[in-house]
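Fit chain B to the supplied structure of chain A, relying on the hints for placement.
Number of protein chains: 2
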Amino acid sequence: MNLALLFQDDFVATDTAVLTGRRLAHLHSVLKVAEGDLVPVGLVDGDIGTGRVVRLNDTEAVLQVELTTPPPAPLPLTLILAMPRPKMFRRVLQTCATLGVKDIWLINAYKVEKSFWQTPWLSDDNLRENMVLGLEQARDTHLPRLHVRKLFKPFVEDELPALLRNTRALVAHPGTSTPCPAHINEPATLCVGPEGGFIPYEVDKLTEAGCEAVHLGNRILRVETAVPVLVSRLFDACV
Amino acid sequence: MNLALLFQDDFVATDTAVLTGRRLAHLHSVLKVAEGDLVPVGLVDGDIGTGRVVRLNDTEAVLQVELTTPPPAPLPLTLILAMPRPKMFRRVLQTCATLGVKDIWLINAYKVEKSFWQTPWLSDDNLRENMVLGLEQARDTHLPRLHVRKLFKPFVEDELPALLRNTRALVAHPGTSTPCPAHINEPATLCVGPEGGFIPYEVDKLTEAGCEAVHLGNRILRVETAVPVLVSRLFDACV
Chain A
2 MNLALLFQDD
12 FVATDTAVLT
22 GRRLAHLHSV
32 LKVAEGDLVP
42 VGLVDGDIGT
52 GRVVRLNDTE
62 AVLQVELTTP
72 PPAPLPLTLI
82 LAMPRPKMFR
92 RVLQTCATLG
102 VKDIWLINAY
112 KVEKSFWQTP
122 WLSDDNLREN
132 MVLGLEQARD
142 THLPRLHVRK
152 LFKPFVEDEL
162 PALLRNTRAL
172 VAHPGTSTPC
182 PAHINEPATL
192 CVGPEGGFIP
202 YEVDKLTEAG
212 CEAVHLGNRI
222 LRVETAVPVL
232 VSRLFDACV
Chain B
2 MNLALLFQDD
12 FVATDTAVLT
22 GRRLAHLHSV
32 LKVAEGDLVP
42 VGLVDGDIGT
52 GRVVRLNDTE
62 AVLQVELTTP
72 PPAPLPLTLI
82 LAMPRPKMFR
92 RVLQTCATLG
102 VKDIWLINAY
112 KVEKSFWQTP
122 WLSDDNLREN
132 MVLGLEQARD
142 THLPRLHVRK
152 LFKPFVEDEL
162 PALLRNTRAL
172 VAHPGTSTPC
182 PAHINEPATL
192 CVGPEGGFIP
202 YEVDKLTEAG
212 CEAVHLGNRI
222 LRVETAVPVL
232 VSRLFDACV
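Read top to bottom, the protein sequences are chains A and B. Each residue of the first sequence is one higher than the one before, starting from 2 at the first, in the numbering used here. Each residue of the second sequence is one higher than the one before, starting from 2 at the first, in the numbering used here.
One should not assume that every hint holds.
Repeated chains share a single entry, so a pair holds when one copy, or any two copies, can fit it.
Stated by the list, open to error - Here are the simulated BS3-like cross-link-like pairs (lysine-lysine), alpha carbons at most 30 Å apart as the crow flies:
#1 Lys103 x Lys88
#2 Lys115 x Lys88
#3 Lys112 x Lys88
#4 Lys88 x Lys206
#5 Lys33 x Lys154
#6 Lys112 x Lys33
#7 Lys115 x Lys206
Quick caveat, the hints were computed from the structure, so don't treat them as lab data.
Chain A on its own, in the form it takes in the complex (with noise of 0.2 Å):
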């Protein structure tokens, strides 16, 4: 938690905070924080700034905050995201929400186990504090948009080519014979698929719908490293 992210439920006044749970055990336990210190903290979709601690103890931290600076860039990136393991989800999730992706749209996939749709990591509560602990993580503010498509057929066909429009569409498919662009200056959509890959006649509905396949090498990388080594290639100036 490199900074305290603040919802509007926080506020007892306009510039006061009060911070409980996980955000106080933090101060308390890691950050080892006393009254008239200086926190890091942020507005969810608004700006980061700090708050001073008035009064501390074991049941609330109450905070007198300044908002100052606007939260880092987002990334110009639409995720595509065959539904990983839900270990690996968790982990991807919170990575997006740390590298300022702030679209991702969670589909199926032929290799996508039917048991992973069922994960709790896919409920609201969860999501949310999956992705502020990522935003925390790099001092951001704004939560990233998930949309859970089950159905890849109509996802394709009906959505997906709008979301591709004016953007460079990309779709990561190891063995492909275009390597991956790097540092572009541009939106990008991007479909990365599941272990073992998006099958043949999903990476064919996927270039009928504008993506170009890319690889990035020989080697062949797990989704939540791919995730981060293909966002830096694409958009090193951002990162």
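This is chain B only, laid out in the frame that chain A set:
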């Protein structure tokens, strides 16, 4: 497991290897192979190729092995990593092996908790197992060399200068003013701190030894995200 990594002990004849345990289970449950099928294999520190399944049952798979192709090129990178939290260490080690990092120095730092060094993930068997998992993901065969140095100052003063010679020497340090270089064409040595970063004394010692402090932008990344982002940024042509 995009490749089954074979060791000399697996061979019962020059071109015949017997798989048991984890690799056998993977052939059954994930790859669902049958006798006659070809599976991708590699010889540790050697070439990659295929194994034809000549016998398969619940206790072993016998493969007739043909090694034809060199593994992917190693990254020209020496990674100096402050010992991460154990669960993260395990993932970072796998990721390093997958990305082609062949030289890893685990060092102490002020913000490394003493308990991290007690983790069973540092046992020889566990180190090897996690490096193998990372290599199998990438279809690589060359095991990384891992060195443990639990004393920061003697390492930085007595050993680091020789490691840095003829390399681009960098320490990732959020908040510094120089951005990390991109797509370099030379070997690099990269120091990555613990959660919370290197303290100023440590950054001073690393820069005295010859490292340049560089940042990755406004966002502070977890170690497991920073490593693939840095590797992709430095060596986009190699990954």
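Structure-based check of all given hints:
In this homomeric assembly, Lys103 and Lys88 come within 30 Å of each other (Cα to Cα) both inside a single copy, at 21 Å, and across copies, at 27 Å. For the identical chains of this complex, Lys115 and Lys88 are neighbours both inside a copy (15 Å) and across copies (27 Å), given an alpha-carbon limit of 30 Å. In the homo-oligomer, the alpha carbons of Lys112 and Lys88 lie at most 30 Å apart both inside one protomer (16 Å) and across protomers (27 Å), since each shortest distance falls under that limit. Taking the shortest alpha-carbon separations for Lys88 and Lys206, only the intra-copy value of 28 Å comes in at or below 30 Å, while the best inter-copy value is 38 Å.
With identical chains, the CA atoms of Lys33 and Lys154 are at most 30 Å apart between copies only, with a shortest distance of 27 Å across copies and 51 Å within one. Taking identical chains as interchangeable, the C-alpha atoms of Lys112 and Lys33 lie at most 30 Å apart only when they sit on different chains, with a minimum of 14 Å there against 46 Å within one chain. For the homomeric pair Lys115 and Lys206, the shortest alpha-carbon distance inside one copy (21 Å) is at most 30 Å, but the shortest distance between copies (52 Å) is not.
The structure agrees with every numbered hint stated previously.
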